[in-house]
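Asks: What follows is each chain in one-letter form.
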Amino acid sequence: MADKSFKTLILAHLWVAFGAFGLACVLGFYQVLERSGLIDFIESPGVYFASVSTHGVLMGFVLTTFFIMGFGYLVAATSLKTPLWNPKLAWTGFGVSAFGTVMAAIPLLLGKASVLYTFYPPVQASVFFYLGATLLVVGSWFWAAIMVVMFNQWKKAHPGETVPLPMFAYTANAVLWLWTSAGVALEVVFQLIPWALGWIDTVDVGLARTLFSWTLHPIVYFWLIPAYIVLYCLVPREAGGKLFSHDLARIAFILLLVFGLPIGFHHLYMDPEQGKGFKMIHGIGTFLVALPTLMTGFTVIASLEKAGRDAGGKGLFGWVGALRWRNPVVLAAILAFLMLIAGGFGGIVNASYAMNAMVHNTAWVPGHFHLIFGGTTVILYFAAAYAVWPKLTGKSLATGSLALVQLWTWFIGMIILSTPWHILGLLGQPRRISSVVYNSLLTLAWDPYELAMIVGGAVLLGSALLFLHILAKSQKRGEPVEEASAEIRYAESEPPVTRVPALLNGFGFWNVVILALMLANFGYPIAQFFLTKTFGSIGWGY
Amino acid sequence: MSNDPSLKDKLAEDARELMALPGELHIDPLERKWIFVALGLIGVFVLAILYTAFAKHVHPPGEMETLDSARLHLGGEFAEDKLGVVTQPDGSVKVTLVAARYGFYPREIKIPAGQSITFRIASADVLHGIHVPMTNMSTMVVPGYASTVTTTFPKPGEYPMLCNEYCGMGHDHMWSKLTVVSQENWRSGLTNTQSTGR
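Protein sequence lines correspond, in order, to chains A and B. Counting in our numbering, the first sequence runs from 122 upward without gaps. Counting in our numbering, the second sequence runs from 226 upward without gaps.
Treat the hints loosely; a few may be bogus.
[What the hints assert, rightly or not] Below 25 Å or equal to it, Euclidean Cα-Cα: the simulated SDA-like pairs (lysine to any residue) are:
{"no.": "1", "chain 1": "A", "residue 1": "397", "chain 2": "B", "residue 2": "273"}
{"no.": "2", "chain 1": "A", "residue 1": "397", "chain 2": "A", "residue 2": "655"}
{"no.": "3", "chain 1": "A", "residue 1": "277", "chain 2": "B", "residue 2": "250"}
{"no.": "4", "chain 1": "A", "residue 1": "233", "chain 2": "A", "residue 2": "318"}
{"no.": "5", "chain 1": "B", "residue 1": "258", "chain 2": "A", "residue 2": "463"}
{"no.": "6", "chain 1": "A", "residue 1": "654", "chain 2": "B", "residue 2": "258"}
{"no.": "7", "chain 1": "B", "residue 1": "235", "chain 2": "A", "residue 2": "582"}
{"no.": "8", "chain 1": "B", "residue 1": "319", "chain 2": "B", "residue 2": "360"}
{"no.": "9", "chain 1": "B", "residue 1": "402", "chain 2": "B", "residue 2": "305"}
If you're looking for bench data, these hints aren't it; they were derived computationally from the structure. Quick caveat: nothing in here was measured; it's all calculated off a predicted structure.
Bound-form chain B, shown alone (with noise of 0.2 Å):
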């Protein structure tokens, strides 16, 4: 205990210098305009980000959720039969998927324009990383933990989902295909569809 109080003072003191710091620098009057400048160019970008973040509700995918990807094919959200595109109750639109060496399952999945999609991503094996490019639609997925985004895609047509994260020899040939169709070809195409791209 004894070493506490000058390890305490010596913080102390440290602090009060800290505050008296810039009044004891040499800063020349230019210098010191273009730091305003400086921090004022970051504020905006920081500014920027916040209102996105908070005021649109844009954000990265990110809620730490853990699952066995050594079990996928036992049972539960990521087994074989619950994979794929499914119309919920509520007529929201959710995506299944499971990453492994070489592709996204299922290859080849139908989903509208236009509305809020969530897509659930789990690896069976190693690391991946899932983009449609042109497009929001990205996250890693990572083995032993659960991917989630929501995105809208406004545009109607056939993108690539591909593979930007190295996952082997056979990483250049992962991708699948996703098609993306108006809200009236959805709806009367598929109103009674459960799920699509089996």
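Just chain A, same shape as in the assembly (with noise of 0.2 Å):
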């Protein structure tokens, strides 16, 4: 593979991604015990708090940010064979972000920002903290930009050649956070860095969270598609197979773009600024989008099933069995799997339009995105790392049958965690809340879910640090591997690819088409607040 300073570059991503998310564990293990309320010298909400603020900045922002990037640039170079374009604008991208991150990172830590990694004015942070968050995505924006040339520097040099599908996936993820990130941007930029500066004195809460929605859906897709990278283009081989389809892997990717974007008032049901018709709209745009995941949910599966039955499992479910279960990728892929199955059962009761006045801020929603984002997209990110590590440090992973603990330990403690997160929200507990105080005979029926969570968090929490480990002692100690294996090789197709149409190797069209879909659902609902007379609100402390 490419040179030490394309590696160092990668590396120095991945560390900060994973060091953010060991930290943010280590904080969300203090949350389940704080909230369980069975230590009774831990209890501060204003302690519980600014943890859960950095818990979901770190997690939300950071790890999946330099994850996002790292990995991306890896992609880019090693499928499309080429050297990266002008590292040293990635180096700047990454300082940038850094640098965000650590301003955002001080007053969370100081209890100066405990607003929530969703912003919520008019509670007002720190202006760092607002600043520091800009920063993060502006950085990313550098990657982002990195991307799309080297896409556009690729196909050029190659007329009429198809793009390799980790780079077409990858920079689709591109497109689609450039498009993302400018909902939030608008919001950051004009309404809520100018107020914590007193250049105004108001902001419309209600345009806020309208902005904020554009950006809350498809960040979500943001943070998957890398993780769907890996079961198309990594899991198959590793598995022993091929991936099963091509060309509707293409078409999952563009209706992931497409329809990811302009579906955030899944967000706002509960929200009185917009109204019930495009609330409708929107929630019909988030049962589209489930159609790519069951499309990708079957091909991969399907990949699987053939890779198992080449290695001798017969039967209906024989190849199950048949499976590299001791391969660290497969059995994240699996895991991965079981965790999508039962957390996008809880996601389709979420999107149900009306129905979602049950559930709607309880217990029921973070239970179910730690399942769908810590549990499926995280443990998809544990087995890129598995994959590209011997690869990006020279060395094999030291650890032998650990990293297998690590995923199943993983696994087991987002299920003793998320379950009774979820039966929680069923029985009435709202989220964001640092004790249980109500004087209400409902209570006692949520003390045994608390102390389970415990545990689930505990697991996880080992699992964590288990995962680090891994890495450290890799990279300090783990034997050389040969230079013939430094390659990262993707998964091929059956049918090989021949050639695609040109729709589905590249993003102009589709592009057009987004713009389209965003102003026919956002273009009204935003411009109602500038047609209305709307009413601000000044700053509040917290």
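Hey, can you piece these two chains together into the complex? The hints should help.
Replies: Listed below in structure tokens is the structure:
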């Protein structure tokens, strides 16, 4: 593979990502413990809400953004077999994002930005939090630009050829991110920063929530697409087989890109500032975007089945036993699917328009996204790390089957954590409370589930620390791997790719479709705040 | 203008390609079947939602209606003397609440079971949310906007009304009490009462 400085760039991104992840897991464990009310002296809303805000920012913004950038550069250079375009620009992006992270982390840890990762005006954070979060995103735009440039340069140099699937999908993610981040960028730049600096007295909270909802749904696809790339492009080969399909994989990524964007109002179902009609349209769109995930499930499981049968698995389910359960990448994929099935079911409940009232802002919701994001997505980030670590460090994974223990404990911990969390939601417990002080009989039913969540949190923290240990130890003390096995080899597809239609080899047309859909679904809902007289809110402490 | 036709042509060309796309793809027959199954599944979910929405009138809240949260106390619908439960001349019940750190005011209200209740709620300060557990009485309360929810409580009993949106350090303590009384008790005890629970 490419030179040492390139590997250093990737490792720098991944270490920031996984370091943030480890710290966030420590905070997460503190939170389940504090929330249970079991230990008196750690009870403190001030510390709890600072911790929740930091946990959310570290997991949702820092782990994801840095992992996606680093893994993205790696996929671009290795799938296109070209050196990274403009490494200086990549380092600049890294620096801007890292500087922003530190700038946001200081007020977060000092309790000066306990506004949760969703910002929630009119409670107001230190301006440094908003500036830091903005810089983190601005740094990621450098990355997105580099991905798009590399995609276009390769196409120009290879007229008529098909862009390799990993790069096609990753560029879809870069395009998605540029569209996605625009919503929150508008909120922060035109509303929150001027307001926190005192340049404007009030913000329109309805507008702020609408702009944030623009970002809030597609951001999960920004996190998920790299995980899907692991499923499509790494897992089949690790399983000893080939990708069952190719053209439909491209369609799935395009559908995620196009339909993931204009559907954010399922986060606003219970909000007063948007009408029922737009909520319903966004709701139907939310169901449509389940299609690419259902397609992915089929294609990847079909690829695994073929590999299992080739390995001698017989009968309806015999192929399951014949899979390479001891290969970390394959194991992570299997566990990811199990969590995706359960989490997808919960997601359908959330998406269901009026039924959302039953679970909105209850403990069900964090239960759901921990299963889908912390479970499905993050376990595939682990898989990606295990797959590429030997290529980046030149050392084999030092720890034998410890990686398998780590993946299994992550899965088991996540099930123990998120099952009672869902039940608590159905029993009416709100999310985002630091203690249960309601004088109501209802709350007695909550206690055993809160205790179970402590066990889940402890198992997850152990698994997270084990993950960091495996990476660090392999990098330091692993056996050197031979040069020949230092290439990342992506799954081939069956039948092999010949030529794909131009529409499945570029994003120009799809950007026009997205623009039209965004205008249709967000045009009036945003314009209404400027067409009617609205009343802004002054800033509030917390 | 000279660029316009070429952009138009480009889009028309893309649209033609889009139409031709399904025929050009390599799709395994099994995969084709699965796509129809998946679309069928999605169709069932969407139809169920459309049915409950349009035939049964089950909708989430949502009519954009602005108000000035900083001036609630100065008069109008959300002034202090207007809050609480009111039986309207036509027999319907309307509940007017103000959400503010840290409670929904008035703190204790009584309403009848088995009939449609309309809640009108405004925030006097920051973002709040209100949920009565195990029911679909739920709405966000956003400063600057009036929230309206209409629902029916089938079962009499005591319910907490919980704030379900982070609103500050006292958020854990933000709740009020809702008592749902049976129709008989409501009629016998409250026929002459304009409002309760002050």
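Asks: Give a verdict on every hint.
Replies: Hints, verified against the model:
A distance of roughly 17 Å separates the Cα atoms of residue 397 of chain A and residue 273 of chain B; the hinted pair therefore holds under the 25 Å criterion. Annotation: proposed proximity of residue 397 of chain A to residue 655 of chain A holds, straight-line Cα distance about 19 Å (limit 25 Å). For the given pair, residue 277 of chain A sits about 24 Å from residue 250 of chain B by alpha-carbon distance, which is consistent with the 25 Å threshold. In summary, the hint linking residue 233 of chain A to residue 318 of chain A is supported, as the alpha carbons are separated by about 15 Å, within the 25 Å threshold.
At roughly 23 Å between alpha-carbon atoms, residue 258 of chain B and residue 463 of chain A fall within 25 Å of each other, so this suggested pair holds. Of the supplied pair hints, the one linking residue 654 of chain A and residue 258 of chain B is violated, its CA atoms being roughly 52 Å apart against a limit of 25 Å. The straight-line distance between the Cα atoms of residue 235 of chain B and residue 582 of chain A is roughly 53 Å, outside the 25 Å bound, and the hint therefore fails. Taking the CA atoms of residue 319 of chain B and residue 360 of chain B, the gap is near 18 Å; set against the 25 Å cutoff, the hint holds.
Taking the CA atoms of residue 402 of chain B and residue 305 of chain B, the gap is about 18 Å. The hint holds against a cut of 25 Å.
Violation of the numbered hints given earlier is confined to hints 6, 7; the remaining hints are satisfied by the structure.
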